[in-house]
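Visitor: Sequence:
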Amino acid sequence: MLRTTLTATAVVAALLAPTAAHADTYEAIPALTDARGRALTLRGWNLADKSHRGDQALSAITEKSIRDMRAKGFNFARLLVFWDDLEPRPGQYSKDYLRRIERVLDWAEKYDVKVVLDAHQDVFGPAFGSRGIPAWATRTDGLPFTPHPEDWFSEYFEPAVQRAFTHLYEDADLRRSQARMWRVLAERFRDHPAVLGYDPINEPMGEMREGEDLPSAARRIESEQLTPMYNRIADAIRAVDRDGWIFVEPTPIVGEGVPTGLGRIDDPKIVYAPHFYNSGMEAGADYDPSAGWIENYEAAVTQYPKEYKVPVVVGEWGPLNNSLPNMNRFFREAMASLGRYSSGWAGWEWCYGGGYCAVDADGAFRTNKELTAEPYAEAVAGNVRSAAYDSGAGAYRLEYDAARRGPRATELSLPPGAWQVAARGRAIVLRPQPGRALVLAAPGARVTVTVTRR
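Just so you know, we're using the working numbering here: the sequence shown kicks off at 298 and counts up by one.
Misleading hints may appear alongside valid ones.
[Claimed, not checked] Derived PhoX-like pairs (lysine-lysine); straight-line CA-CA distance at most 20 Å:
no.: 1; residue 1: Lys407; residue 2: Lys361
no.: 2; residue 1: Lys347; residue 2: Lys361
no.: 3; residue 1: Lys566; residue 2: Lys606
no.: 4; residue 1: Lys603; residue 2: Lys566
Source of the hints: derived by calculation from the structure; they are not laboratory data.
Turn these sequences into a full structure, and let the hints guide you.
Guide: As structure tokens, this is what we get:
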């Protein structure tokens, strides 16, 4: 997760100039689909336990978390897993850790929540006081590292951390180790009904060269190091799992409106999975609507999926201080933007308390975060023509052409509250359980679905 503080904010802001946003319907960006060809929308949260490891790993993630998420209308979780827990010594994989992951996945299956397994790292890993890549896979060439507890993101710019990324990308034995780790995960969980796919590395960074500015370094790292890494990992996963989606991330610099330098990943089931963070807001500042950040981000982040014809799922987003004066506007505008081009998102994070937590200790949405809970179509059996939620009117509208063969049921998710669901066209609406609705359409019918507050 990216929580950039003021030092890193100044570094990034000094280097980047705004870019012009474009306004189109992003029809060139395909939808994420399920095994039956239905267009999916994912809405959910990250599930993270960075504090516990060993025989306590993942203990902070409970069945209650997933049950409560689903009850509020969310169908998606990005589950953080750590290579240092999975493979504490080279070639020795923890069976207990795999069982702990499986326990969370079993809860997700029980509540019909789809999961992406995210190999998470912050500041590389335990060698630098964080989590992620094991210490035995960390090589620094003796370069210095100075902790910055008041500004942890700036630790990515420490020479030792940057060199460790270079070795991970370039050393043949570390490449093999990373690929084997992913093969172990994919082979274990390929048949689990809750698993939608795999996120090979969280917020990858790299080593800057002398005289190189940050955007140029990011694009070079993405082009020359991340692209081949993702191809290697995709090959490792495909050796055991032909069906799971692979979620590829650019560097976090994309959050400042910089188009990625990632190249083509030679796999038919790639999802572009950027994060959606603003450096100023991550430092605790309020949203500034006049700065055009959302527009610039949207313009930049849609270039890659349009070029390579891959769906988009935003893997993390959400401000540190959600109760500042402009945050209500931010959440409304961010949700509208995400709905224009993405197949979904995972907010940071589902926990019970303050800071980034979605809900308070009693499970109630924290200020403005209730705006993340909207009606949406989880799975559309046909070709989506348009879908949008009007937060002011409290109304959702979906128009689609029903499939001529195959699945007939389009599934809707409804957040808590009283909602009226109606369908026009040759279709009927069923309400099989609270918070859900099904629309059954005649083959090839043009269907319009509306969901309004009662």
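Visitor: Are the Cα positions of Lys407 and Lys361 separated by 20 Å at most?
Guide: 12 Å, holds
Visitor: Are Lys603 and Lys566 close enough, with their CA atoms no more than 20 Å apart?
Guide: 15 Å, holds
Visitor: Mind checking the alpha carbons of Lys566 and Lys606 for me, to see if they're no more than 20 Å apart?
Guide: 10 Å, holds
Visitor: Check the hint pairing Lys347 with Lys361 against an upper bound of 20 Å on the C-alpha distance.
Guide: 18 Å, holds
Comparing the model with each earlier hint shows no violations; every hint is respected.
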